[in-house]
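Undergrad: Sequence:
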Amino acid sequence: MSRIGKLPVAVPSGVDVAIDGAQVTVKGPKGTLSHTVAAPITVEKGDGVLDVKRPDDERQSKALHGLTRTLVNNMVVGVTEGYEKKLEIVGVGYRVLSKGPTQLEFQLGYSHPITFNAPEGITFAVEGPTKLGVQGIDKQLVGEVAANIRKLRKPEPYKGKGVRYAGEHIRRKVGKAGK
Numbered sequence: 202m203s204r205i206g207k208l209p210v211a212v213p214s215g216v217d218v219a220i221d222g223a224q225v226t227v228k229g230p231k232g233t234l235s236h237t238v239a240a241p242i243t244v245e246k247g248d249g250v251l252d253v254k255r256p257d258d259e260r261q262s263k264a265l266h267g268l269t270r271t272l273v274n275n276m277v278v279g280v281t282e283g284y285e286k287k288l289e290i291v292g293v294g295y296r297v298l299s300k301g302p303t304q305l306e307f308q309l310g311y312s313h314p315i316t317f318n319a320p321e322g323i324t325f326a327v328e329g330p331t332k333l334g335v336q337g338i339d340k341q342l343v344g345e346v347a348a349n350i351r352k353l354r355k356p357e358p359y360k361g362k363g364v365r366y367a368g369e370h371i372r373r374k375v376g377k378a379g380k
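The letter at position 149 of the sequence shown is residue 350 when you use our numbering, and the numbering goes up by one with no holes.
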């Protein structure tokens, strides 16, 4: 039995869960998220909890069991607390400017500034010229937007310049050997 899949998903007060066949919709104080559950897996509503069940022990069912439970739990956490990914910029002259809650302007050593627009449901929090946060209720979308921002200028291995996740360790290489 999947150790993660068999755990019930706790539904806090103020969160409304609607199950319509394979469609699970979670509504909370921060917004609404929905997910279509893959074929053999079913989600049942209990007393303040959600149970994710699988009908058999086939390989596909086992693989989807824990995944589905985690996706449903991520929706519940997203509509109550939300998610945030923090990024930091390292490099001389590299900086970020906020052009509103859904638009950023980066100076990353290119000849032009880069404007980055947020998709629906994502907001940015700029804490300084080299620190920013990506916030939203959809964990997958927050991670994807943070990865796209990091992709604008990946950290290079010699000086470590670029956009990185907060706390990320960059493997450094030795430069040219001097004589």
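These aren't lab readings, by the way, just hints derived from the structure by calculation.
One or more hints might be untrue.
Derived pair list, reagent style BS3-like, types lysine-lysine, alpha-carbon separation capped at 25 Å [said to hold, decoys possible]:
#, residue 1, residue 2
1, Lys362, Lys374
2, Lys352, Lys362
3, Lys352, Lys374
4, Lys287, Lys231
5, Lys246, Lys287
6, Lys352, Lys332
7, Lys207, Lys287
8, Lys374, Lys207
9, Lys286, Lys246
10, Lys246, Lys231
11, Lys207, Lys263
Undergrad: Hint by hint, note whether the structure agrees.
TA: Here's how the hints hold up against the structure:
1. Lys362 - Lys374: holds (13 Å)
2. Lys352 - Lys362: Cα-Cα ~13 Å, so holds.
3. Lys352 - Lys374: Measuring from Cα to Cα gives roughly 20 Å; hence the hint holds.
4. Lys287 - Lys231: Between Lys287 and Lys231 the Cα gap is close to 20 Å, so the pair holds against 25 Å.
5. Lys246 - Lys287: violated (34 Å)
6. Lys352 - Lys332: Holds, because 16 Å separates the two Cα atoms, which is no more than 25 Å.
7. Lys207 - Lys287: Distance ~32 Å between Lys207 and Lys287 Cα, so the pair is violated.
8. Lys374 - Lys207: violated (45 Å)
9. Lys286 - Lys246: violated (31 Å)
10. Lys246 - Lys231: Distance ~21 Å between Lys246 and Lys231 Cα, so the pair holds.
11. Lys207 - Lys263: holds (11 Å)
The structure is inconsistent with the numbered hints 5, 7, 8, 9, although it conforms to all the rest.
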